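Could you fit the two chains together into a complex? Lean on the hints.
What follows is each chain in one-letter form.
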Amino acid sequence: MDEKIKTPLIRLSKRSQSSLSPAAAWLIRLGSILLALLLGCLVVAITGNNPIKAYGTMISGSLGSKVYFQQTVKKAIPLLGCALAIAPCFKMRFWNIGAEGQITAGALAATFVARTLGAKLPSLPLLLIMAAAAILGGGLWGLIPGFFKAKWNTNETLFTLMMNYIIIGVVAWLQAGPWEARQGRIAQFDAAAQLPRVAGIHCGWIIVLLLVLFIHVYMRHTKQGYEIAVIGDSIRTAQYAGMNVGRIMMRTMFLSGAISGLVGFIIVAGANHTLAHDVAGGVGFTSITVAWLSQLNAFAMIAISMMLGVLTKGADTLQTVMNIPAAISDIIIGLLLFCMLGCEFFINYQIIFRHKAGKGGAEK
Amino acid sequence: MEKNCYAIELRGITKRFGPVVANDGVDLGLRRGQILALLGENGSGKTTLMNMLAGIYLPDEGEILAEGHPISIRSPKDSFAHGIGMIHQHYKLVDVFTAAENIVLGLEDEKKLDLKKANARVREICQRYGFEIDPEKKVYDMSVSEKQTVEIVKVLYRGAEILILDEPTAVLTPQETERLFAVLRNMRDDNKAIVIITHKLGEVMAISDEVAVLRKGKYIGTVTTAETNPQALTDMMVGRAVTLNIDRPLNENQVDRLEVKNLSCYDHEHVKKLDRISFTAKGGEILGIAGIAGSGQKELLEAIAGLYPVAEGSVSYYPPAGGKEELVGKTPMQIRRCGVSLAFVPEDRLGMGLVGSMGMTGNMLLRSWRKGKSPFVRRKDPEQLAKQIFRDLEVVTPSIEFPVRKLSGGNVQKVLVGREIASSPNVLMSAYAVRGLDINTSYTIYNLMTEQKMKGTAVIFVGEDLDVLLELCDRILVLCAGQVSGIVDARSATKEEIGLLMTSVGGKEEA
Chain V
18 MDEKIKTPLI RLSKRSQSSL SPAAAWLIRL GSILLALLLG CLVVAITGNN PIKAYGTMIS
78 GSLGSKVYFQ QTVKKAIPLL GCALAIAPCF KMRFWNIGAE GQITAGALAA TFVARTLGAK
138 LPSLPLLLIM AAAAILGGGL WGLIPGFFKA KWNTNETLFT LMMNYIIIGV VAWLQAGPWE
198 ARQGRIAQFD AAAQLPRVAG IHCGWIIVLL LVLFIHVYMR HTKQGYEIAV IGDSIRTAQY
258 AGMNVGRIMM RTMFLSGAIS GLVGFIIVAG ANHTLAHDVA GGVGFTSITV AWLSQLNAFA
318 MIAISMMLGV LTKGADTLQT VMNIPAAISD IIIGLLLFCM LGCEFFINYQ IIFRHKAGKG
378 GAEK
Chain S
964 MEKNCYAIEL RGITKRFGPV VANDGVDLGL RRGQILALLG ENGSGKTTLM NMLAGIYLPD
1024 EGEILAEGHP ISIRSPKDSF AHGIGMIHQH YKLVDVFTAA ENIVLGLEDE KKLDLKKANA
1084 RVREICQRYG FEIDPEKKVY DMSVSEKQTV EIVKVLYRGA EILILDEPTA VLTPQETERL
1144 FAVLRNMRDD NKAIVIITHK LGEVMAISDE VAVLRKGKYI GTVTTAETNP QALTDMMVGR
1204 AVTLNIDRPL NENQVDRLEV KNLSCYDHEH VKKLDRISFT AKGGEILGIA GIAGSGQKEL
1264 LEAIAGLYPV AEGSVSYYPP AGGKEELVGK TPMQIRRCGV SLAFVPEDRL GMGLVGSMGM
1324 TGNMLLRSWR KGKSPFVRRK DPEQLAKQIF RDLEVVTPSI EFPVRKLSGG NVQKVLVGRE
1384 IASSPNVLMS AYAVRGLDIN TSYTIYNLMT EQKMKGTAVI FVGEDLDVLL ELCDRILVLC
1444 AGQVSGIVDA RSATKEEIGL LMTSVGGKEE A
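Order-wise, the sequence lines are chains V and S. Sequential numbering of the first sequence, starting at 18, is according to this note's numbering. Sequential numbering of the second sequence, starting at 964, is according to this note's numbering.
Bound conformation, chain S alone (with noise of 0.2 Å):
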């Protein structure tokens, strides 16, 4: 330690959201020439602490220095001011503008707009640092790698010293990740100072020359990566010993269950959403389902769930007891008698499937609410089961009438994930069952998952992490831009084989 001047440092920063003590008593120093991983769990206060330094929030206690002097930084122009700059995980451009429009946006400097200059300088920018963006194309013919790009340059050009990225590879293939790596290490080597918000250990070990851990909001040490291991981060980041391996029984008694044969769907915009989809799901195993965001896995589970139209194609139900069912045509109502369940934890958890403003039993009673003649609901079976998975699957809350919107995110989706479990049905389809939710919880939930599956129900899962997708999953589909690319054997195949079929089928990403 030559020079103890960091380029950004926080002393004590503590922020709170009403009960909610997001950041405590954090310290953290972003040293130029380095790439530092801020690790920790969701909800364990990384993006809010970025966004301190971003403008966004303001810290409740606590100071920011830059090269040793306190700052203040109360808005994004005072960020931009002292060269930090943040790329947030939902990117913010305007569609119908090019590059380098979007790049030269709200800057006030020039009197009149130059765009031969700023594409010149965005095509200087790239070079330096071996982007691939053309300037003049427009965001929405960009892949979201090409838009992700368009963000980085954007904070570049505007002479940002201190970069700050908020989990960017998770809508990424592992080459993309590679790639914007690459870009991430030149720009260390030009001495700046770089921030990586990610929970992916694979990634710290990969890319990060410190890793700073952070723990319910609180700071817990900085560790240089090459003296550590994924294990001993990831005891950092629970708190205590943490074994990674998720149990994989084989179920030998496997059965046809579904068969989906030419799914075809389309939006409201008539844009093909799912283009001739075949597949089998059997009972006894857990089919995965890979793909980058958005490659039509929502819409797929809709579809056999009844809730999205469907253009084309069958999905043949063989209920246990024999026969053959077809799917496509019925109601949602008719799909879930015959015991096909979907448990969608969409982006917001509560959008579907859970009802915010109720307690769990009124949540229990959109299972079971048209039950019987009477005009009246009748509240004591949910209210039984609602207990039952209060108590089952350790929901956190102070009684099971207090609204779920009001509980954490792990608690909603046992909720959530609990009441489709109950309901024992025969395929299960869930969607993101994990998103956000810690390691602990996250594993309770495979655990579920893997017990379903050797009861003999066909579990489909809908995964975002492909490490956890290759440990939980027996096969796994793998979606790209609406087309079944590959289905693979999850006991045998590799991260890198997954990441080629979620980009291949007839190279359409960069058309």
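Next up, chain V with everything else stripped away, as it sits in the complex (with noise of 0.2 Å):
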């Protein structure tokens, strides 16, 4: 008898819906956090310094004093904005990657407001004409790929991606050329163009809490929220029910750069003070993070940035506390990124090993 019954050592199956309590699945998603803090130790300890130390100096360093959380918080501003503003694109299915070129194109369209109005008017209208502008700008970049899409079927992963690079440019030049002040700088706005504070902080946090009321109640119960939803689950199926889908992708494109723009508003006037063509700094990227890990539920957004903001200004204490360079906040929000979105395989799926049943079966 030649018993070659060989089954594979790891096989995988998919759950069940009863298998898997709510209560374990997040217990999964917590532990792929610490799983990714973890792994974070390593590369902690490879650059020669004691984990815990570098942890507990992130932890203070961002948290620990009221300046150190007001400059997290300046930090998750314009991630939970701009996460807020591709929501709509994810759930829809139309892979926005342009938030960056919107952001800096709405804080283009402000700073040009802040430059020619800004000796002219008072405080707020002028900061008001600013934001007005600036979402038009924003919503003006995000509609082009959304029209090209919504009339010629273009991708607009790569469309969106490249209009990045074309308003950076124009920005570049502005500030080594006819905007610029001195040394490839553009001038500090007037004080009349930048946000006020509150609570030590410029009031675009504000802003952002209240879109994020704003997108949560759009994407739950208004009509044209309904109708993203269904185009993110069917094309087909959207237009059997009669609705234009080549307008409501390009409508959405445009509310996705308009909140965007006035994001880069936000960062311009609230923040910097001045326009630059690194203004969006990465943040139109590392939104796509927090849109997902918050699985583009509004209100989750809120922790994600901020744990995104405790990490990156963590990380900046880290540097000129324990001399770690900066760049490990990346690693770690790569690792975080990383291990979130593989454990949603583990939530879904179950690993079977190879076990002695084999053996049994085959001695019959």
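Hints should not be assumed to be uniformly reliable.
Stated by the list, open to error - In silico lysine to aspartate or glutamate, EDC-like type, Cα no more than 20 Å apart, as pairs:
1) V:LYS240 to S:GLU1364
2) V:LYS91 to V:ASP333
3) S:LYS1369 to S:GLU1357
4) S:LYS1334 to S:ASP1344
5) S:LYS1418 to S:ASP1210
6) S:LYS1418 to S:ASP1219
7) V:LYS168 to S:ASP1230
8) S:LYS1369 to V:GLU361
9) S:LYS1458 to S:GLU1427
10) S:LYS1079 to S:ASP1097
11) V:LYS168 to S:GLU1275
12) S:LYS1100 to S:GLU1124
13) V:LYS240 to S:GLU1357
14) V:LYS91 to V:ASP295
15) S:LYS1224 to S:GLU1275
16) V:LYS240 to S:ASP1344
17) V:LYS108 to S:ASP1219
Hint data in this document are derived by calculation from the structure and do not stem from the laboratory. What you are looking at is a predicted structure, and each value in this text was computed from that prediction instead of being measured.
The following block contains the structure:
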């Protein structure tokens, strides 16, 4: 008798609905964060430092004092705003990775207003016009790929990505050319064009918190939100229900770009008080992480963007205190994303190892 | 039973997909020189079971024996090594290759590709079993039945001794089916073991020597075909006695409701999909639409519903209140407001008409989302409707907010058809409404259609099973390559008549 029965060592099998309670699913998610932090320890250890001390420094350096906390929030504001901006697109399965450019376009429009009207208007109307210009600028920059997608079904991922470089290039040109003040920089805004502070932080945080409410209601309770959800599920079904898919795509991309543009306004008027080609500074990309990790839930985005804020601010402190490169935070964020997205796999599938039953069966 | 040695024997095979037990301790034996029909309703686990022989799935429990020896099949390669060849429902051929090129594709035993030799061998196999195929014909020039032939020759070329055919007749006309059966009989006489997966009783009786029945993943039993009858098999398949007759009352008040005249459509590659279609659908009757898959059924319904661009022709709608309206040029929304409703069940069931990630309420909303001027959606009425359909059609779901994607096929279709009927349409178009449903649910749907007909609705029913069309419909329109090849009275027409119409217009099939 040749008994060559072999089953593979590891097999995957889809989990049943009931076999995993929501609590267990959240435990897996929590475990994945722990795993990421643990892997982060390894990285810190490689640099020759004490990981526990490093994490301690990161926490105290981002939340430990009022000033640190304010700076952390300042880092989280654009991330949150931008994650909210791309949420409708992603819900629609329109892969807008051009938030970076839409922020820049909004910042550019706001700066244009600040430069031309800065000395002529009082602060409030000036800021309102700047915000409106930013919304329009970002919105139009988002509308362009939306229009091409709707009309000719172009690939939105490539299109939105390429649009980033165009607008960044335009700002770089302005910065070193027509708008240059000194040494390749654009002049600081007038005081009237700067966002007022509330509780020690520029009032952008109030704007993004209002945006959280807006996006939540928009996605869950409006007709437009419903249209977006249907299109994201099936374009055919949307057409069947009489939706004008192209128009909805363009509208959603305008909205997404507009919110990104508003974030651009918050950055230039609240944080930087000037425009530079790297005004978005990767926020447009990092916010994709925020949106995904929070599974497009507007309220979860607050927590996730704060978490990333803590990591980046903490890493800055780490660099000054312990002389560990701040790039470590990028590594940890990468590990976090990897583990948290990876854990969804284990929530949906279970692993079956080769068991002894194979032997028993062969004896028959 | 002089020899108790099966070519392949399955013992206690169990396969689970998450909570779903697709196969539950199934025993089955295949003998050489025999055609075994594997019978069961959709979802009873026939294909899953055979996929384990083909090396696509691995059983969770149980063992497979070849000639009495336990074997393990971990990949399609293992499967071939044991002489098992499976012909899947969806053919896997390279369009721009010839028949012979497809057949030798992926073979590794020869150092140099000798197409001449391959052609000769293909011809030899064809002659032996009575296939009609030109080895040098390109696949894109082939009809569905020719493609199937290539798939069968492909596994024979690789020396398969055990052939498994998954629903081979689903895409064939009655005449092509006869030809296939003749070939299968030749192979049986050549001492091959053949399994044909099917849920059509007529075919089981016509071709098989033995019938193995599965029900809900469980092995029910094997019977000799000659000693059984369709009613007994149905009872085994369903688990209790079922009457196989569809009630077909006649609605005396028939009025013209929809008149299609010279309707032509082209797809985005400018291929003619519909060619001067003309017919009239009457309120109070079920107009069946028959045809080989892809003859323009989908395009026709979508064109009427405003979802497919119309090149020429007109679709006139006569509302019950009188008057006449032209539907061509209207948006899907306007057409629906006229009371023309489309319940299309696509192959993947959800693709059109339902939103998989939403619950029943969200899907009911698809009909009424635009109502009212407020920017917010109103969920109250859809929720009411969802509850009503949940009750009336006995939809099995944990809650009306549970994503419909996770419901079983039958329940998904109930949600879809229920919603369409709830809008009390004047024209109800349904395509493949019973696709993948078990017998009982199918009959629920048939009864709903008939109920609508008796209410005076014009029902257009695109179906796959000719037997059902002949029993359910009042008239049957047969499509062939985008043209109407005939409209027959369903009460007097025969299956053969329709089969001929399915292939007849201009003899295009062989061209």
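Here is what the structure says about each hint:
{"no.": "1", "hint": "V:LYS240 to S:GLU1364", "in the structure": "18 Å, holds"}
{"no.": "2", "hint": "V:LYS91 to V:ASP333", "in the structure": "13 Å, holds"}
{"no.": "3", "hint": "S:LYS1369 to S:GLU1357", "in the structure": "16 Å, holds"}
{"no.": "4", "hint": "S:LYS1334 to S:ASP1344", "in the structure": "11 Å, holds"}
{"no.": "5", "hint": "S:LYS1418 to S:ASP1210", "in the structure": "15 Å, holds"}
{"no.": "6", "hint": "S:LYS1418 to S:ASP1219", "in the structure": "14 Å, holds"}
{"no.": "7", "hint": "V:LYS168 to S:ASP1230", "in the structure": "18 Å, holds"}
{"no.": "8", "hint": "S:LYS1369 to V:GLU361", "in the structure": "18 Å, holds"}
{"no.": "9", "hint": "S:LYS1458 to S:GLU1427", "in the structure": "13 Å, holds"}
{"no.": "10", "hint": "S:LYS1079 to S:ASP1097", "in the structure": "13 Å, holds"}
{"no.": "11", "hint": "V:LYS168 to S:GLU1275", "in the structure": "24 Å, violated"}
{"no.": "12", "hint": "S:LYS1100 to S:GLU1124", "in the structure": "26 Å, violated"}
{"no.": "13", "hint": "V:LYS240 to S:GLU1357", "in the structure": "29 Å, violated"}
{"no.": "14", "hint": "V:LYS91 to V:ASP295", "in the structure": "17 Å, holds"}
{"no.": "15", "hint": "S:LYS1224 to S:GLU1275", "in the structure": "9 Å, holds"}
{"no.": "16", "hint": "V:LYS240 to S:ASP1344", "in the structure": "15 Å, holds"}
{"no.": "17", "hint": "V:LYS108 to S:ASP1219", "in the structure": "44 Å, violated"}
Violation of the numbered hints given earlier is confined to hints 11, 12, 13 and 17; the remaining hints are satisfied by the structure.
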